[in-house]
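Peer 1: Residues per chain are reported as follows:
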Amino acid sequence: MSKHENINELLTAFALGELSQQQASEVKTHLAGCPQCSKELKQLKALLECTGRIRQLSTDAQTCESAKQAIFEAVESEKNKHPSGLNIGPESIWRTIMKSPITKLAAAAVIVIAAFIVINQFGKPVSFITIAFADISEAMKKVPWMHQINKGFERGIIGSSEQWFGFETKIHADKWSNGKASFWSLKERKRYKYDPENKSITIDYAPDDNFPLNLSSPVLLLESLHKMLKEQGAEILTTEAEYDNQRVQLQEISLSSVGQNNESHTLKLYIQPDSKLLLAAQIKGTDAEGNVVMDGEVTFEYPNSGPKDIYDLGVPRTANVVNNLPPADVSDILADYKSYRKNGVFSHIAIIIMKWPSQSAQSGAVKITYCNSNSMRTERRIAKRRSANWSEYPNDNEPNFDSLLRWWTSDENSKLNEVFLFDGKHDYYVYGLPDRLKSYRTKGHNPNHKSLNDIFWPDISMWIGPNRELKFVETDYTKNNNLICIKLLFQGRVILSRKDVSLPQKRVYYLDQLRDYICTRQEYYQLQNAPWQKDKTWLDGVDPNVIPEDLTKLREVTEFARTDTGQWYPKKIKTWLNNDMAESGEPTHIETIYLRTEPQFPKGIFDPKKLPK
Amino acid sequence: MLKQDFKALINDYSTQVLNTAVRILGDTHKAQDVHQEVFLGIWQRWHKYDGQTNWKAYLYRTTVRKAIHLVKKSRTERLFEQQPEYTSKQGPDESLRVAELQQKLAGCLAGLPKRQAEVFVLSRMEGLKAEKIAELLGCSQETVRVHLHRAMKRLAREFGDYLIK
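From first to last, the protein sequence lines stand for chains U and G.
According to the numbering used here, the first sequence is numbered sequentially starting from 1.
According to the numbering used here, the second sequence is numbered sequentially starting from 1.
Heads up, some of the hints might be wrong.
[Stated by the list, open to error] Here are the simulated distance ranges between beta carbons:
#  : chain 1 : residue 1 : chain 2 : residue 2 : range
1  : G       : Ala-8     : U       : Asp-295   : 56 to 62 Å
2  : G       : Thr-143   : U       : Lys-39    : 25 to 31 Å
3  : U       : Gln-21    : G       : Gly-127   : 21 to 27 Å
4  : U       : Gly-585   : G       : Arg-157   : 46 to 52 Å
5  : G       : Arg-115   : U       : Ser-66    : 31 to 37 Å
6  : G       : Gly-127   : U       : Gln-23    : 38 to 44 Å
7  : G       : Arg-157   : U       : Ala-61    : 37 to 43 Å
8  : U       : Asn-198   : G       : Arg-157   : 19 to 25 Å
9  : U       : Gly-424   : G       : Asp-5     : 47 to 53 Å
10 : U       : Ile-149   : G       : Glu-131   : 50 to 56 Å
11 : G       : Arg-115   : U       : Lys-199   : 49 to 55 Å
12 : U       : Asp-336   : G       : Arg-157   : 34 to 40 Å
13 : U       : Leu-325   : G       : Asp-5     : 51 to 57 Å
[As the list claims (entries may be wrong)] Covered stretches of chain G, going by a simulated chain U footprint (3 or more residues, C-beta under 8 Å):
#  : region
14 : 15–29
15 : 50–56
16 : 134–144
Hints listed in this document are in silico derivations from the structure and should not be mistaken for laboratory results.
Even glycine gets a Cβ: it sits at the ideal position worked out from N, Cα and C.
Isolated chain U (complex conformation) (with noise of 0.2 Å):
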């Protein structure tokens, strides 16, 4: 190590004043000739000189005492839900699982357990990406169903469930303790479920592509499986256990950092080494701190039928049955847009032009996104308002996607100002000015970063569900220019403990039948008093600070353009963001796409790590 790099290392302790007098001294010394030692100083004793000031913070009595009421507040609440005082709800594990948003592959755990039958059909450690399907022996094929009875509890909820997987008849259904239960015909495309409290079914649209994983068979359940197992970065240790006393195999699957709490998740599956078949697992989770928050036990039996209706699962034929199914029509409507969802300017480049109007004539983006199945790349540059660099701006009055990418990528232009990345698995996002880059990578990814066909094909997923009503308009625009108009209605909602409200939402869609049904125009109304609200009540009580603002957005789009294989895309885009349309009518700002399809894609493109740096 030199002088420079010795001494450095002790700024740290020099600027905290922990060093001898001696050390102290030299310090000194080489700071008198190494202006990089002595910026380094500066920057330190800066950010002690911050934090000194931040020491200095602290909370108001006032406020000390209004955080303790809130929690005694919701301990009472805790309390009188159960005489223990735990917080023992009426779900009980499996569900809690399936529901969690935070362990997407825990949601998916009990299922696990189903596919690792196949798996286990090697005897051996399992690589995920060298298994040969097609050796899967022909008896597990003929599997027809599985039934598993899961006991447990996680985070305090205690708990017993059954589920069934029909691998022919393409059904999930399960049944819970405190009386649920849910039966899902994937082939119908409908979920019915009991609720005992009301003693109601109710029956909604539940597309298959909702289904975590794939129900046509144990295979590609497997396979589907697996898709997610290695997207989580599942370990897998193969020992030999005993069970019942009798040896088996013992497959230990760990997964670690689950969810935002960081927990350690494992899977133990015992099965039987001649049969291959599995006996019994059990789940465990424990938090970072190691307080076990999950634990449960799973048997398996293997089934010739299984249940054909919910009633087979003891719900009572007296229940009464609420139909949110849509019309017929409507479900034909969507399953048509589904296939030209799926066909959508899927492979592309893209380069958009944007510009602001309302604010200055000279101000304005310019993006350029690379988009396959998997991954999307997306790179924007800002064009300074008031700033004379607005010359590297485009100003070819007639720009096509080749002139647009030779200005892209020319040397002088290439001062980038965002860079996003969704490689699959992770987002990147790189930021900042060319000299002083910042980035981060995220866990997941955010769902609102979106493709163009994910805008203009978007996902109909949400369209029928809880909480919201899905009508179809029809009126003299939408019959002259061939549109399907769908209305979604959502109500607002208060989670008190998270502090989070949703304001009710509108939100229409007009798609064009004509273009490949592309969302011409979309409209989304975020309102706190909003008329189809249906409890005007619902934010009583509620802080004013934790409401959001109203937000009104107008898309529409202006000009359409078509791919050589004939392929209808939007050319011209308008966006009008809260009063702009009624203030001025010039929209927020407007964007312009060239587009070029199943392009070759520049090399690395979609590589996390030749990001800017």
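Mind docking chain G on chain U? Use the hints.
Peer 2: This is chain G only, laid out in the frame that chain U set:
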């Protein structure tokens, strides 16, 4: 462990938890959220504690971790919100606007490895000595010094220029 003990725990440590959270987050409302999350988390597992827990240490660790997690979460959300094309009326230059001093430091803290961030907060924001931090985190004083040194170097590099201006 009785409910009275839980009340006593809140009375004894509420101020510590709130102060630590507010120093990291620079926002009383968010600090209250962290406070609530920390204590409700303990309550939900209350029946499992055996009376041997070092609450001071546990609460420091948990508060720092939860507060930094909250910074990371809101930083991610904010950055995505900055994209003006569909979410904001702001002009193109706005996304590069420099944040408030404390939020900026919090953002830099969120980028540090967990243990480095914990040591930095306990040392520089809470004013604890290396010996105490080592006891709280269950490591040696030398480890504390190394973590603090690394955290300070990185924060000074990321944050220092902004402060000097």
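Peer 1: Quick check: do three or more residues in the region 50–56 of chain G have a beta carbon closer than 8 Å to a beta carbon of chain U?
Peer 2: violated (count 0)
Peer 1: Do three or more residues from the region 134–144 of chain G put their C-beta atoms closer than 8 Å to C-beta atoms of chain U?
Peer 2: violated (count 0)
Peer 1: Please check whether G/Arg-115 and U/Ser-66 have a Cβ separation lying inside 31 to 37 Å.
Peer 2: About 33 Å separates the Cβ atoms of G/Arg-115 and U/Ser-66, which means 31 to 37 Å holds.
Peer 1: Does 50 to 56 Å hold as the CB distance between U/Ile-149 and G/Glu-131, or does it fail?
Peer 2: 53 Å, holds
Peer 1: Tell me if chain U covers the region 15–29 of chain G under the three-residue, 8 Å CB rule, please?
Peer 2: holds (count 8)
Peer 1: For U/Gly-585 and G/Arg-157, compare the CB-CB distance with the range 46 to 52 Å and indicate the outcome.
Peer 2: 49 Å, holds
Peer 1: Against the range 37 to 43 Å, how does the distance between the Cβ atoms of G/Arg-157 and U/Ala-61 compare: consistent or not?
Peer 2: For G/Arg-157 and U/Ala-61 the Cβ distance comes to about 38 Å; the hint holds.
Peer 1: Do U/Gly-424 and G/Asp-5 keep their Cβ atoms within the hinted range of 47 to 53 Å?
Peer 2: 49 Å, holds
Peer 1: Is 19 to 25 Å respected by the C-beta to C-beta distance linking U/Asn-198 and G/Arg-157?
Peer 2: For U/Asn-198 and G/Arg-157 the Cβ distance comes to about 60 Å; the hint is violated.
Peer 1: Just to be sure I understand the hint, the distance between the Cβ atoms of U/Leu-325 and G/Asp-5 should be within 51 to 57 Å; is that true here?
Peer 2: 53 Å, holds
Peer 1: Do U/Asp-336 and G/Arg-157 keep their Cβ atoms within the hinted range of 34 to 40 Å?
Peer 2: 56 Å, violated
Peer 1: If you check the beta carbons of U/Gln-21 and G/Gly-127, does the distance land in 21 to 27 Å?
Peer 2: 25 Å, holds
The structure is inconsistent with the numbered hints 1, 6, 8, 12, 15 and 16, although it conforms to all the rest.
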